[in-house]
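Place chain B on chain A using the hints.
So the chains spell out like this:
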Amino acid sequence: MSWFEKLIPSRIRTEGGNKKAVPEGLWAKCPSCNAVLYRAEMERNMEVCPKCDYHDRVDARRRLDMFFDPEPREEIGADLESADPLKFKDTKKYKERLSAAQKKTGEKDALVVMRGQLQGRELVAAAFEFGFMGGSMGSVVGQRFVLGVNEAIARRAPMICFAASGGARMQESLFSLMQMAKTSAALQQMSRHGIPFISVMTDPTMGGVSASFAMLGDINVGEPGALIGFAGPRVIEQTVRETLPEGFQRSEFLLEHGAIDMIIDRREMRDRLANILGMLAGESPN
Amino acid sequence: MNLDFLEFEQPIAELRAKIEELRLVGSDNEINIQEEIERLEGKSRSLTESIFSNLSPWQISQLARHPLRPYTLDYVSRMVDGFEELHGDRAFADDKAIVGGLGRIDGRPVMLIGHQKGRDTKEKLSRNFGMPRPEGYRKALRLMKMAERFRLPVLTFIDTPGAYPGVGAEERGQSEAIARNLFEMAGLGTPVIATVIGEGGSGGALAIGVADRLLMLEYSTYSVISPEGCASILWKDAEKAPLAAEAMAITSTHLKGFELIDDIVPEPLGGAHRDPDAMARNLKNVLIEALDAIRELPIDRLLEMRYERLMSYGVVSA
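Here the protein sequences come in this chain order: A and B.
At position 47 of the first sequence (counting the first as 1) the number is 56 in this note's numbering, and the numbers step up by one without a gap.
At position 141 of the second sequence (counting the first as 1) the number is 135 in this note's numbering, and the numbers step up by one without a gap.
None of these hints come from the bench; they were simulated from the model.
Cβ atoms here follow ideal geometry from the backbone N, Cα and C, with glycine treated the same way.
Among the chain A residues that face chain B by a calculated CB cut under 10 Å, a handful are:
1) GLU90
2) ASP93
3) LEU95
4) LYS98
5) LYS101
6) SER148
7) GLN152
8) PHE184
9) ARG201
10) PHE222
11) PHE239
12) PHE257
Excised from the complex, chain A in its bound form (with noise of 0.2 Å):
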């Protein structure tokens, strides 16, 4: 506080010193391009900004509303939650953190499966919700995502994961790391039955996530923009100690490596994904 405020009575004083010049949520600022934009205007856009075409994060729900038809819809294995099986314990308590990310996202942990249609075909769709621990896996994450797997194969019906991850997650240790062959071994049974699975990597798709069923898609697809790989930017420049090669592990880069199919962009996602499916189940043209 400078000595002139201190000098003005606390009564007249306002709280918090950079006050916000528009009513909070209504307006929106894109973090690439630092374009002011209309709050409205982003959500209607499915949050790319319409002035550079930044595709900003979005949580699990949104995602699998923006991607389904409005109906029907239905959660597979919502009621799973973390057991804890370590007694977790480091600055703060897994389960406190567990308990401070269910309040903050809503979620019971970080991924969202559910059955649902695209323009009218059966599939099932994985969306992650990257502010639940950053997205991490554990068991619940491994475990839905497998009966996710489960009901495509009964169903004869795709399945789309839209990755967000941060990688596996550190408080449920080689149980964590256990997720990864779990779920690799589950698109290994839904490949032997012939149905596909799409890989949709959105920033950012990291460590154990990438490494597993993420990279797994017979379609690996990337949004723009989006950051994938399996080490992260830092723990790579600190290891070999030079400034990383630009657009490094983002999608544009993986494509370039060879590593995706292609680059969608949000708003073509249900248009081009649907055009996919339909020929990889051998249908005529409509």
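Just chain B, lined up with the frame of chain A:
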């Protein structure tokens, strides 16, 4: 300080030094020296026993990374006859951080695949400290598929700090290479037995670790991230690694308690590096037993059981 001994072993190192001194004196003065040496040997043994009966997870992770600890090829040379190393992923390079090849164990041909660390500085560099790049996983997968074709059981040996965090590794699809191995190993039509012999570091370890039997040497570790990595993220301080090692339950006894591994292979007193021959004998016996238990199973049944085991991983409540 004797560098062959870890910090918590220094009392043992001092005693060993005393015994060595006496041995030197003993050669020109034989009165009662032999008796004294025997007394000290006994003391050294019971001291080692008492220190090793109560190791912390952090101490065990230091043992798992001990510079003298036997590596994959040390076991291969002791357990296997007629070993023929096979090189390369047929696409980019031969990653020396993962070795593999054909060999006979107890007369029976098998495919052996393991992480390999280097002993001296030059070898450490050429082996990249046991941190594989994508071509390492792809070589491993090539050998596993070959084993499947020729109906050879696969024995893998896990000992890596983790996958190599490098620019080239990312460019060549590190994530995909690991993921592909997990996918393929889940359905590999031949028995697979994985043993953690040292450090089981995260995805880089798991990429050769999907198996019908998962074993750990007594003083090896297996975890989703290194204790240092975990400490620097969750405690914001890498110095808290001992706490992270404790919290993550990375030791063989902890993981056996959670039924995440099948068996613990006991190590000689003071750890595998104190008697690599004895360690290799123990390991060989356990591997032969494990192989005998599954090699007669029809492949369909084996794969079914492997799938059930993979699906059982995880603890959730509803």
